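Numbering (the working numbering), first residue to last: 1 to 256.
Careful, some of the hints might be misleading.
[To be verified] Label pairs and their calculated CB-CB ranges:
#1 F214 x D167: 38 to 48 Å
#2 S133 x R85: 19 to 29 Å
#3 A86 x D213: 15 to 25 Å
#4 E83 x D213: 18 to 28 Å
#5 G31 x F121: 34 to 44 Å
#6 A86 x L130: 13 to 23 Å
#7 D82 x D190: 30 to 40 Å
It should be emphasised that the hints constitute simulated quantities derived from the structure, not laboratory data. Computed from a predicted structure; not experimentally measured. Where a beta carbon is used, it is the ideal one built from N, C-alpha and C, also for glycine.
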Amino acid sequence: MPHVVVINPTSSAEITAGIQETLDQAARRWGVTATAVTSYGGPRTIESDDDGRAAVSPLLATAGQHRADAYVLATFSEAGLDELRAAAPVPVIGIAEAALTSAMAHSRRLGVISTVPMATFRHELYWAKLGVSGRVVADLAIGRSEFDLGSRDAANAVLVAGRELVDRRGAEAVILGCVGLGHLRGPLADELGVPVIEPCAAGVAMAAMALADFPPDVMPPRTQPAPPPASYTPEPAYDPGPGRGYAPEPQYGRYS
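Whenever a hint applies, use it, and build me the whole structure from the sequences.
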């Protein structure tokens, strides 16, 4: 069975744990296995251009340590995507590109929900690079970091943004512009009545389709892990400890 490695280019293992929860269902649907891994040498989060630049070398090193038939880069800023594609002999998928492709299959008018305002500027540059700026009606930031997305207040902020996109901006599909919003995809789709795209799941789907495009006799060889450098010491797996793990609020709240 093809194996997809999803790289979190930040050093935040708690974010990786949330990504893995999203991947399990997507991987079963598309007939692959998928593992989320943490780039421990990367920045704590990617909120600025400097963060994006700092993430590139560590994520390339992280990719080199994990066997894969395809890689998915789990940052909506797509930092390091071109570099990883140049270095890897297997398909490399960016989640923003995958989410856009999926959303455009549903509609012509797309809306994006992001975390912090700084991120939306980078997204706009990427939409222009891909030539899809005219399809994105708005990219709305909820003003919260990716470490503050599990509360009822955050869920309500996402709902407010989603209703603004659909009811006032005319979006016909909504993209979650952050890897930490996957737990809200289902409730948000029910509330808005339009397709809501979770980017990591979209990335796994695109990776599976990319692998299916290869005839069996020319399937790219699975990457082999490089030996770790002498100074490299992997950090332990994320363990939140008793009572400290991520737990969404028990009820999805509505705004008034």
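(request) Please name the hints from earlier in the document that this structure breaks, with their numbers sorted from lowest to highest. (result) When the structure is compared with the hints, none of them turns out to be violated.
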